[in-house]
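Peer 1: Just so you know, the protein sequences line up as chains A and B, in that order. Okay, so the first sequence: first residue is 37 according to this note's numbering, each after it adds one. Okay, so the second sequence: first residue is -10 according to this note's numbering, each after it adds one.
These are computed hints drawn from the structure, not numbers from a lab. Honestly, I wouldn't trust all of these hints.
[Stated by the list, open to error] Beta-carbon label-pair distances, calculated as ranges:
1) A:H46 / B:I2: 26 to 34 Å
2) A:E145 / B:E(-6): 38 to 46 Å
3) B:G42 / A:E131: 23 to 31 Å
4) A:G52 / B:V17: 37 to 45 Å
We put the beta carbon where it would ideally sit given N, CA and C, even for glycine.
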Amino acid sequence: DAGITQSPRHKVTETGTPVTLRCHQTENHRYMYWYRQDPGHGLRLIHYSYGVKDTDKGEVSDGYSVSRSKTEDFLLTLESATSSQTSVYFCAISEDNLSLGRDTIYFGEGSWLTVV
Amino acid sequence: TQLLEQSPQFLSIQEGENLTVYCNSSSVFSSLQWYRQEPGEGPVLLVTVVTGGEVKKLKRLTFQFGDARKDSSLHITAAQPGDTGLYLCAGATDSWGKLQFGAGTQVVVTP
């Protein structure tokens, strides 16, 4: 258990509605990430955060926004959900920069989102 | 465009056989990681390799990082049904360390 809680775990929503996914960590790690996982694509980075109020875009950020007002919470918002955003969303955390292999990234259990 | 290409996409073998999964790219990585993911769960880190040519062993799993740090392989000896899962490789490509993932290799080991 890496101390990561994602909510909701499952959600069905209608096209055009706003949706917010929450990631909560108890490890006080600096870095937090949101990925989506789709068949044939592996995991793709949506947004990431390197501190409170410090966020940046990943490779598939269009249609998503994030906020981090506290170290422990990282929110992912779909302003107006579309069917192409049906996916499994994973939150992840790491204490340190991953580039030198000094740290481990831990993933949450995922949030299954279906947009109909 | 997939930065990391994993092969094969699917592998089904009998218990006791060996298998190798490959992760290839034209990019150089500062570090590369292998994960295993089971249905309904998030990926779990197996190993991180950092140095070109590095070989790491984790029980029956052997991980190798290419000399040029562009590719890696995962070899499982005497596979067991518990090795069944989706194996993902991921590389860190920039100074910040954001990970790029391969599409994954689904491994099924039957008794």
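Peer 1: Are the hints correct? Go through all of them and say.
Peer 2: Going through the hints against the structure:
no.: 1; hint: A:H46 / B:I2: 26 to 34 Å; in the structure: holds, 33 Å
no.: 2; hint: A:E145 / B:E(-6): 38 to 46 Å; in the structure: violated, 28 Å
no.: 3; hint: B:G42 / A:E131: 23 to 31 Å; in the structure: holds, 27 Å
no.: 4; hint: A:G52 / B:V17: 37 to 45 Å; in the structure: holds, 43 Å
Taken one by one, the earlier hints fail for this structure only at number 2.
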